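Asks: Residue strings, one per chain:
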Amino acid sequence: MADGGGIRRDRGPLKGGVGASVPHDSAAKHVAGEAIYIDDIPELPGTLHVAPHLSVHAHARILSVDVSAARAAPGVRAVITAGDVPGDIDIGPVFPGDPVLADGLVQFHGQPIAAVAADTLKQARAAAALVRVEYEPLPAVLTAEEALEKRFFVSPSLTMRRGGPEAALAAAPHRMAGTMVMGGQDHFYLEGMIAYAQPREDGDLLVFSSTQHPSEVQHLIARCLGLADHAVTVEVRRMGGGFGGKETQPAQIACIASILAARTRRPVKFRLDRDDDMIMTGKRHDFFVRYDVGHDADGRILALDMDLAGRCGFSPDLSNAIVDRAMFHADNGYFLPHAEVRGHRCKTHTVSNTAFRGFGGPQGMVAIEHVVDRIARSLGRDPLDVRKANLYGRDGVRDVTHYGMSVEDNVLPEMLDELERSSDYRARRRAIDAFNRESPVLKRGIALTPVKFGISFTATHLNQAGALVLVYQDGTVQLNHGGTEMGQGVYVKVAQVVAETFQIDLDRIRITATNTGKVPNTSPTAASAGTDLNGMAARDGAIQIRNRLTHFLAERFGTAPDAVAFKDNKVRVGDHVMAFEDVTRMAYMARISLSATGFYRTPKIWWDRSAAHGRPFYYFAYGAAATEAEIDTLTGESRFLRADVLHDVGHSINPAIDIGQIEGGFVQGIGWLTMEELWWDAAGRLRTHAPSTYKIPTARDVPADLRVSLFANANREDTIHRSKAVGEPPLMLGISAWLALRDAVAAVGEHRLVPDLDAPATPERVLMACEALRARMAG
Amino acid sequence: MTTTVRLDVNGEVREVRADGATPLLDVLRDQLGLVGAKRGCSYGVCGTCTVLIDGMAARACLAVAADCEGRAIETVEALAPGPDRLHPIQAALARAGAVQCGFCIPGVVMAARALLAVNPAPDEDAVREALSGQMCRCSGYGALVEAIVGMGRPQDG
Chain E
42 MADGGGIRRD
52 RGPLKGGVGA
62 SVPHDSAAKH
72 VAGEAIYIDD
82 IPELPGTLHV
92 APHLSVHAHA
102 RILSVDVSAA
112 RAAPGVRAVI
122 TAGDVPGDID
132 IGPVFPGDPV
142 LADGLVQFHG
152 QPIAAVAADT
162 LKQARAAAAL
172 VRVEYEPLPA
182 VLTAEEALEK
192 RFFVSPSLTM
202 RRGGPEAALA
212 AAPHRMAGTM
222 VMGGQDHFYL
232 EGMIAYAQPR
242 EDGDLLVFSS
252 TQHPSEVQHL
262 IARCLGLADH
272 AVTVEVRRMG
282 GGFGGKETQP
292 AQIACIASIL
302 AARTRRPVKF
312 RLDRDDDMIM
322 TGKRHDFFVR
332 YDVGHDADGR
342 ILALDMDLAG
352 RCGFSPDLSN
362 AIVDRAMFHA
372 DNGYFLPHAE
382 VRGHRCKTHT
392 VSNTAFRGFG
402 GPQGMVAIEH
412 VVDRIARSLG
422 RDPLDVRKAN
432 LYGRDGVRDV
442 THYGMSVEDN
452 VLPEMLDELE
462 RSSDYRARRR
472 AIDAFNRESP
482 VLKRGIALTP
492 VKFGISFTAT
502 HLNQAGALVL
512 VYQDGTVQLN
522 HGGTEMGQGV
532 YVKVAQVVAE
542 TFQIDLDRIR
552 ITATNTGKVP
562 NTSPTAASAG
572 TDLNGMAARD
582 GAIQIRNRLT
592 HFLAERFGTA
602 PDAVAFKDNK
612 VRVGDHVMAF
622 EDVTRMAYMA
632 RISLSATGFY
642 RTPKIWWDRS
652 AAHGRPFYYF
662 AYGAAATEAE
672 IDTLTGESRF
682 LRADVLHDVG
692 HSINPAIDIG
702 QIEGGFVQGI
712 GWLTMEELWW
722 DAAGRLRTHA
732 PSTYKIPTAR
742 DVPADLRVSL
752 FANANREDTI
762 HRSKAVGEPP
772 LMLGISAWLA
782 LRDAVAAVGE
792 HRLVPDLDAP
802 ATPERVLMAC
812 EALRARMAG
Chain U
47 MTTTVRLDVN
57 GEVREVRADG
67 ATPLLDVLRD
77 QLGLVGAKRG
87 CSYGVCGTCT
97 VLIDGMAARA
107 CLAVAADCEG
117 RAIETVEALA
127 PGPDRLHPIQ
137 AALARAGAVQ
147 CGFCIPGVVM
157 AARALLAVNP
167 APDEDAVREA
177 LSGQMCRCSG
187 YGALVEAIVG
197 MGRPQDG
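Heads up: the protein sequence lines correspond to chains E and U, in order.
Position one of the first sequence corresponds to residue 42 (the working numbering), numbered consecutively onward.
Position one of the second sequence corresponds to residue 47 (the working numbering), numbered consecutively onward.
The hints are simulated quantities; they were obtained by calculation from the structure and are not laboratory data.
One or more hints might be untrue.
[What the hints assert, rightly or not] Computed beta-carbon distance windows for the label pairs:
1) E/Gly-434 x U/Pro-200: 22 to 28 Å
2) U/Asp-130 x E/Arg-478: 58 to 64 Å
3) E/Arg-439 x U/Pro-200: 54 to 60 Å
4) U/Thr-50 x E/Pro-137: 34 to 40 Å
[Stated by the list, open to error] Covered stretches of chain U (in silico footprint by chain E; criterion: 3 or more residues with CB under 8 Å from a CB of chain E, positions within the stretch not fixed):
5) 51-60
6) 84-93
7) 122-131
8) 164-178
9) 188-198
Every value quoted in this text rests on a predicted model; they were computed, and no experiment measured them.
For glycine and all other residues, C-beta sits at the position ideal for the given N, C-alpha and C.
Just need the whole structure built from these sequences, with the hints factored in.
Replies: As structure tokens, this is what we get:
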């Protein structure tokens with residue numbers, strides 16, 4: 042916020058309250074190059090730098106580790122291996138299985154075995170290369186499909202079931218079975234993982250960590266050092282992107298830095314370079330899908346049997362909840378009268394996959410969208426008509442999910458109708474058909490797809506938040522809460538909530554770095570719930586203070602409390618009008634407390650995992666996108682000509698920020714499904730570990746004509762100012778881009794054959810799908 | 047071998063220590079405290095370290111510091127004395143809501159500056175071309191492109 046927020050007294054109407062499209066709070070600092078990320082913090086004298094030594098096998102017993110040469114190398118202050126971890130070596134966030142450093146066994150190529158701290162990074166890297174490890178290689182399982190066949194899992198499978206799918210499948214007039222695969226995705230946050238640990242008095246540590254979950258990093262550092270939680274403070278002001286990649290995975294970086302800091306009693310910085318970051322840290326789960334579906338002549342699904350097998354990597358990490366969420370979203374927006382969905386957590390000797398925007402939801406959605414697309418094509422019907430025929434109903438009609446939750450807030454029928462009109466879908470479909478008839482090489486396609494995404498952590502206990510609101514005598518405010526800022530704008534949105542509550546301008550509120558010493562026991566900033574949870578907690582804190590001021594003024598002026606009103610930087614008490622800062626000064630002199638901790642827990646939600654039944658989500662966020670693509674059937678290259686997006690954010694707290702999230706999420710989804718390809722070789726080595734080989738969308742790859750609108754809607758649940766979460770859902774709008782490519786490929790077969798095009802639909806896959814269709818047409 | 051290298055950075059001559067392989071980015075960030083240019087990939091691909099060398103956009107992670115003697119280096123810090131007095135390019139990007147996590151933005155600012163110096167009124171295609179080496183993982187590029195195209199239009203007032 043701008044400076045001098047407390048000094049001006051001539052303030053008019055509220056600036057920067059709820060609903061205002063104010064820029065990101067750090068925008069001016071970002072463009073000036075003055076926003077401080079952890080690698081930009083001036084280094085303390087004596088700071089050491091860390092380099093890891095990584096496994097060169099996907100699966101092997103460690104017979105011996107010799108660090109003597111590394112220890113003797115110039116500038117080296119410490120070298121640690123598994124035996125040097127003072128406390129618990131396992132830093133698994135929910136379930137055990139993640140050693141800080143490999144302990145007798147390596148389970149993926151790139152797993153850290155040792156870490157070196159030296160005076161310079163160059164010295165650390167040179168020394169890390171001197172660590173000698175003797176291995177006994179073991180057979181490795183590398184794909185989800187293979188793990189599924191061997192029943193090799195990181196945790197047990199789960200089944201969600203509704204009705205009697207076996208009988209319904211047998212009785213269905215149309216039935217088909219199939220498999221598909223979809224790739225994973227590297228987060229490619231531009232700021233790589235980093236931690237900077239600084240020893241303090243009494244053996245305490247202050248650790249700056251690029252983490253979405255400071256409390257977990259705090260607890261895991263304490264655990265692996267054998268310290269109490271209160272001895273460790275973790276702080277993060279901002280991250281250069283997170284996208285879920287910094288939910289659990291930063292703990293290992295922070296723990297290694299902390300162990301080395303405690304051992305050397307010096308500040309220690311551990312920043313992963315890009316290759317190490319991509320090799321050492323988990324990604325979006327790729328999935329193998331098997332299905333059997335029964336439907337009627339209109340394409341309406343009568344029964345579905347589906348296996349969703351996610352490649353989890355070597356440890357559980359968050360995979361239990363991620364595969365659950367894939368299962369929860371195997372309906373997307375469609376009613377499944379009879380269904381059995383089984384989720385499998387496949388163990389592989391690859392890096393442990395983790396949270397990534399959507400958290401499994403996108404994978405479940407891609408699976409069902411593949412099925413619906415195939416049904417439509419096999420019937421020769423427009424996929425949009427089949428989608429509409431399958432949408433959930435409302436008010437007791439076709440509105441119960443395969444996990445027993447009623448879809449009470451369904452707006453997809455209206456949204457699809459609106460987007461069909463505003464995108465001119467039918468006329469463009471005809472124009473595309475005409476284009477394709479005249480164009481032998483270039484083919485076009487279009488797809489309009491819905492998104493229904495459940496909001497809440499499915500681990501119910503995480504749906505809580507705390508905030509600290511401090512009002513000073515001059516009427517300015519410091520705000521702190523558990524939400525972490527990774528670019529999504531949670532800081533400014535929560536500050537807008539507090540500005541609205543006190544009715545003071547946004548520039549009077551100073552947003553402060555997320556710090557475990559200010560608000561304890563926080564949940565990760567994840568599940569799109571950052572503003573929902575922390576906004577409510579901050580409002581609770583602000584309301585407590587405002588209520589104290591109200592009662593103080595009522596007493597002082599001898600009026601009823603309801604004669605006190607906060608409005609536009611002023612407080613009215615009957616006929617008296619005072620500036621907000623006059624009230625805070627009076628309250629201080631009268632010994633009224635001007636600070637409060639706010640708290641929130643999400644109501645209504647429950648989930649019985651053993652019965653696979655409940656209401657895991659407080660509400661659903663909805664969206665829809667129509668994307669038009671063009672492919673070159675001789676090279677497989679593609680481009681996106683136009684995309685229309687309609688998205689439901691409820692009553693937006695900040696429309697500019699929300700639209701930025703929608704566009705960014707959509708483009709990230711396009712990247713996942715059409716260009717980003719992770720590629721492991723037969724030895725389990727990731728060969729796409731830099732932007733030179735792993736392609737994320739650039740300014741030239743996005744739809745040339747992108748039109749984003751917000752759907753007019755209020756959250757029917759009592760969320761913060763009736764808004765809806767916006768972080769994850771827009772990613773799944775990108776499914777329309779993948780299906781537009783499928784549609785364009787289908788044009789090669791004149792829409793008479795169903796194309797075979799898995800994700801990501803890279804130029805290579807598009808070309809192969811075109812070739813396969815041509816061969817089938819000729820044959 | 048490490049030697050003293052004299053660099054012209056933002057109009058000032060600065061002495062730094064560098065060997066034949068020390069990247070300009072390390073010198074800027076670690077010795078001169080100019081942390082606006084970011085370490086993104088160190089491959090010359092992501093663009094977060096973009097600075098100007100003799101007016102041309104260049105990757106500071108690939109430029110060898112010792113080779114930059116006698117050349118004019120400009121970093122994002124040269125553009126504005128502080129967040130309250132922004133250069134028009136910076137103001138346009140901040141105002142347009144083009145900024146999310148912000149890590150890519152100093153590089154985008156410098157790439158836009160290099161473009162506008164040779165093409166004061168670029169069309170959308172020229173801007174997308176100039177930004178094609180500047181990766182942004184948060185936005186869909188739309189607001190970035192719009193803000194820079196808008197720089198070339200006649201300004202109100």
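Asks: All hints, please: hold or fail.
Replies: These are the hints, each one checked on the structure:
Under the hint 22 to 28 Å, the C-beta atoms of E/Gly-434 and U/Pro-200, about 54 Å apart, miss the expected range. In this structure, U/Asp-130 and E/Arg-478 meet the distance hint of 58 to 64 Å, their C-beta atoms being roughly 59 Å apart. A beta carbon spacing of about 56 Å between E/Arg-439 and U/Pro-200 agrees with the range 54 to 60 Å that was offered as a hint. About 53 Å separates the C-beta atoms of U/Thr-50 and E/Pro-137, a value inconsistent with the hinted range of 34 to 40 Å.
By the rule of at least three residues with a Cβ nearer than 8 Å to a Cβ of chain E, the coverage given for the segment 51-60 of chain U is violated, with 0 such residues. Counting residues of the segment 84-93 of chain U whose CB lies closer than 8 Å to any CB of chain E gives 8, so the stated coverage by that chain holds, three being the minimum. Evaluation of the coverage hint for the segment 122-131 of chain U: fulfilled, as 7 residues show C-beta separations to chain E shorter than 8 Å, against a requirement of three. Here the segment 164-178 of chain U counts 5 residues with a CB under 8 Å from a CB of chain E, which clears the bar of 3, and the coverage holds.
With a cut-off of 8 Å between beta carbons, the segment 188-198 of chain U has 4 residues touching chain E; three or more are needed, and the interface restraint holds.
Violated hints for the displayed structure, listed by number in ascending order: 1, 4 and 5.
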